[in-house]
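Student: Top to bottom, those sequences are chains A and B. Residues in the first sequence are numbered from 1 upward in steps of one, following this note's numbering. Residues in the second sequence are numbered from 1 upward in steps of one, following this note's numbering.
There may be inaccurate statements among the hints.
[As the list claims (entries may be wrong)] Chain A stretches covered by chain B per the calculated footprint, using a threshold of three residues with CB under 8 Å from any CB of chain B: (1) 14-22; (2) 320-332; (3) 380-392.
Quick caveat, the hints were computed from the structure, so don't treat them as lab data. For every residue, glycine included, the Cβ atom is placed at its ideal position computed from N, Cα and C.
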Amino acid sequence: MTLPSIDAHTRRGYLKRLVAVGGTAALAACVELSPGDEAVPTGDPTNRPASQHAWNDVLRSDADGNLLAPEHHILLPLELEGEPDERSREQVEQTFRSLERAYEFSPDGVLFTVNYSPAYFEAIGESPPIPRPEPLTSIEGNIDLDDADVLIHLASDSPQVVLEAEEALLGNEPEPNGVEMEAALTDIFAPGDPRRTGFVGEGLPVEMAREEGIDLPEELHEDAPFLMGFRSGFAEAQAPESRVTIDDGPYEGGSTMHIESLELNLRQWFEQDDHFLRVAQMFSPEHAQEELVGEIGERLDQSTGVFGDIADRTADDARTEGLVGHAQKAARARDEDGTPPLLRRDFNTLDGGSAGVHFLSHQRTIADFVRVREAMAGEDLSLGRRLNNGILQYIFVRSRGNYLTPPRSLRALPTESA
Amino acid sequence: MNDDNPSNDGEPTIEHTNSPLSRRALLGASAAATISLAGCLSDEADEADDGGTTDDDAADDGGPEETQSFDELPVVEDPPDKVYKPTHREPFVHLEMVEAGEYMLLPHFTYPHQFWLMSGAEAVEERPTVEDSMHLMVAFWDSETGAILPVDAGAEMVITQDGEQVGEPVAPWPMLAQEMGFHFGDNVAVPDDGTYTVELTMNPIGVRKTGAFEGRFEETVNATFELEYSDQQRQELLANTEFLDEDEWGEPGALEPTDHGDHDHDEHESDDHGGHGDDSHEHGDDDSHEHSDEDGHEHGNDDGHGSHDIPSPSLPPAEEYPGQDLGTHTSGDAAFVVRYLEGTRLADEGENYLLVSPRTPHNRFPLPDMSLSVDGDVEAELVQTLDSDQGHHYGASVTLEPGDEFDLIVESPPQVARHQGYETAFIEMPPMTVEVPDE
């Protein structure tokens, strides 16, 4: 893929595009663009949480106290090439530790998880601890199913860091952030398919959508952090890390990960629907009628307000309002005490030139994800499959993948027989 | 290079180049020529119609999108709260029928135009943008029985050209139009004149299916069709829009559905339906029906009209429904055929069945995506159902006694999107009282 032209983009957009392109040339262009930036803090591998997915303590928060994801993301698929023996395991672990030395464990450095698919476990002759992915609703019969052995999720506020970290893992950057890599994944893993990237944060979607020539209505606020225009990740609507941590068995302390990659139709969403309809379909008809949300969700502080009455009314709203909201439907799958089962770390994407979302979610079991996703699909409701059924009119699932996110101690070629 | 000859064959007889500016110039000139012939003049068309073209002319012209658009077609001011006749009938371009799994699909398109989306009890007008190229529609039916399946199965379309995706994927809206009944469609934009491929995915139908439909329509199926889009053709479609007599505009009533059943290829359709506008072989100025491969208007099997007949989009009249007649009621200008069926497989074990078939008042098109219930001497939520014998209806297992009375309640009106003429009806729908005769 050729490098984007710097003249055609704002600086931030340009950096975004470099992440999307990837590779050593993109990394070089990135470095060239930001000479003299503040030094990236280095890290300490001995001071890390036991769970790979435990990022919350180092994430920034917004003014309401909701945690903010890092801005730039890469999902790097890898195929197992070498033998998963002790020597390889050691090499892989040293690679990850080197990365942890090179960058601070924070959005200013790099946050990463190493995740293993059912294909990996089958390749090493073990019974996978997570199921193979499959279509979960009736409007996704054609989806691709992830089958790379490993997926590394890299995230940082700095596009340069996330690119450099990826290159370091692949053996193409021997001194990321000036710190020597003791090992790389070369010969054990080879890059797989598809590489995915994305971004999330205030203002980024507007910026990127403009670059892509997506028409924006005046109603879409400059500061919206997601392509569909609303804040997301409210504290009350996110599982605490403990809720998504495996609490027994060989992978205790780990989690599972599901990635649903989808394309969006923003034209219908923004040009045909009006703000009232967008609020109603993203949250609930009551949210629209009572004006609970504001332009981008600024009226919501830490809670979406769907759990309880509004979620309980979903089937009724389908009949009497002829329309239901996305959050309203999904909240039906919360625990009885209102705890959501999913820890969502989703982000926007323009991979392939198409507006989309890589919906990445951690949960204790894949069955938790399936349950929430079925509630969100609302196929039990007296509504069409897409029409007025939350945001299903505007999203198109393209692929799914299931992964184990082992605890940090088992992140290098895990095996039950260790 | 412009060909002034008015009896051109619809193709611009001008050299094509790859430069966008000169393509715009070509379109501006040929569109202007066509429009002036049809007698629908705008100032810009007058200026550009000088028999020749230069780049400067085209730049002044502002491009074909601004020369003539659906916005200039007259609308009915203040339509009644009923099904009403619009000012005009839209000409369609029919594409080849495509068989996909258990479905037969008929894609077609016309110029971009407004439609109304329903959100609860509110109709929201959707006007096309200047980028929109066409209003693309797909009618579909069961290829085995010809039954119409007027429900939202969450279909999806992706437009491609030379293997590259063009624009975003789109879930077309389930819609109702007087000319054609239930279909799904949307205004879509393509960047340029050319040939495009549309990949259509039909998803399983989740609505309750009974009789021979049980277990059918459960697969995801894919179909592709090609369409040739040209701005000139869009202009021609606009220019060929057939208007009703002005004293009919806004009158309660409906355009007659386009009649495909008796259509014979080698003849021009009679004036039953007002002539050229609804001719399924729209050729703009061309009066002779040429069915070559190039223009894509080929009808697959035009001999015995066997399984490739286009079925009627209308439901049977009330008299044809079985069971005890509990009347045909009206609410929000829709007609509700109400029947009580005993000993029917549609009902739960040991119960009988209340069948309600709502339809448009003039063309008897089904009205999907409503929420209906009954309350009174019997209480039940009606379930939208596709039955192989009774077709689309809403039903519930109930047991009624002579003398029973209940209200048939519309909890939410049909959420299906509406073409002009249907956007003021089926919105306010008060309950209807149904009485079971005493005897």
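Student: Of the numbered hints stated previously, which ones are contradicted by the structure, given in increasing order?
Tutor: 1
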